[in-house]
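Colleague: These are the residues of each chain, in order.
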Amino acid sequence: MIAIRMRRASLAAAVMLALAAPVVSPPGRAADANAVTIDDFKFAPATLTVPARATVTWTNRDGEPHTVMSADGGLTFKSPALDTDDSFSFTFAKPGTYTYFCSVHPHMTGTIVVK
Amino acid sequence: METRRDLLKCLAWAGTGVLWTVSGGVPKGVNLGGAALAAPAGGFSFVQISDTHMGFKAEANPDPNATLQAALDKIAALPQKPALMLHTGDVTHLSKAAEFDTADQIIKGAKLDTHFIPGEHDVIGDDGKGYFERFGAKGAAPGGWYSFDQGGVHFVGLVNVMGFKPATGGSLGNEQIAWLEQDLKGKTASTPIVVMGHVPLWPVYAQWGWATEDADQAMSHLKRFGSVTVLNGHIHQVVQKVEGTATFQTAMSTAFPQPKGGEAPNPGPMKVSADKLKTVLGIRKVEVTPGTAVAIADETLA
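From first to last, the protein sequence lines are chains A and B.
Note that the first sequence covers residues 240 to 354 in my numbering.
Note that the second sequence covers residues 2 to 303 in my numbering.
Excised from the complex, chain A in its bound form:
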């Protein structure tokens, strides 16, 4: 059952990749330098600095589902529910400081600094 679910998720991710910048990716695709992991209700690193046009990938390693939502109420970026081992990517076109949080557990917060 799990294998089928993962394959369908991958297919959906591939379709979405062709359409838009924010995507839910299959596990194991995160580029380490621009990666944020979610473990034990925390984003790590809590602050990540990346160059402009970098794609940041969040991967949920927690047993609990989480989301990634920009602090402007998700206007800049907003993931769907990330179950265990699901990932979400977003490409930051412009420099700036982007704070974000988990919309299910709002005490979980993080920051992406785009130089």
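No lab work stands behind these hints, which were simulated from the structure alone.
Just to be clear, a hint being listed does not mean it is correct.
To be verified - With a cut-off of at most 20 Å between alpha-carbon atoms, the simulated SDA-like pairs for lysine to any residue come out as follows: (1) B:Lys-272 <-> B:Leu-302; (2) B:Lys-58 <-> A:His-346; (3) B:Lys-166 <-> A:His-346.
As the list claims (entries may be wrong) - Sample of chain A residues with no beta-carbon within 12 Å of chain B, all distances over it, derived: (4) Val-289; (5) Pro-304; (6) Asp-322; (7) Thr-323; (8) Lys-333; (9) Gly-335; (10) Val-353.
For every residue, glycine included, the Cβ atom is placed at its ideal position computed from N, Cα and C.
Starting from the structure of chain A, add chain B where the hints point.
Modeller: Frame of chain A, contents of chain B only:
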């Protein structure tokens, strides 16, 4: 029946007209059984379920469908059929269509008039579109909040899971609070009010987002009423507070328990042994006798 009399003494607060009872082991040693649950003459009763989390599959409860069914079976076995059922949110775990389908099928089986409000788990990724399509109330405001009258009681269903902000919890927003003020305007102060909100409408443990930042504004419009019963979910355990003529109480989940605020590194599902699970899940029965009392009874699934 000495135990019962002592409990009445402890829990029938002067001025509030509220009697709160528990059975099935929460708190330990108290068991009122059917006597406290028999509906008083002239009143009517309803039930609350919460946090059914369809789609949850972690070890804290491998089968939330079965425990939801057990909760509905418990309700079906009550001595008097409730007039309606309230679901105070987190119907699903991940807002997935299949999870909404499962919830709908199981809950429909109870054959009770059921009124829902969303939890933050029901509005992930789509601002609640999937949830409102299926469980949105008829005649609701565009934001999903609504009210209705039944059995002499004015019921208000609030939505406080759409405006989550970093490091805070729920919020209602000015539009909803203005609507509430309008909604209550024509009601006499003696009308019993029952308010539903998923996230607690008082700060239970704000560090974990167990609070609604603008709840005080909403509650200010309820101050003139003689009986206000606020029913919340979200934290998967019973916590209660009395303030003036208002009582606030969170409910147990039918899916899994959570730790007490601050008593664990995070608010994630609390694993208990399989034989204990039903002692920490439950339902709530509420009896309203206009002019006298609102009686609230939390019952575990054990």
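Colleague: Give a verdict on every hint.
Modeller: Results for each hint:
no., hint, result
1, B:Lys-272 <-> B:Leu-302, "holds (16 Å)"
2, B:Lys-58 <-> A:His-346, "violated (23 Å)"
3, B:Lys-166 <-> A:His-346, "holds (9 Å)"
4, Val-289, "holds (20 Å)"
5, Pro-304, "violated (6 Å)"
6, Asp-322, "violated (7 Å)"
7, Thr-323, "violated (8 Å)"
8, Lys-333, "holds (20 Å)"
9, Gly-335, "holds (16 Å)"
10, Val-353, "holds (18 Å)"
In this structure, the earlier hints numbered 2, 5, 6, 7 are contradicted, and the remaining ones agree with it.
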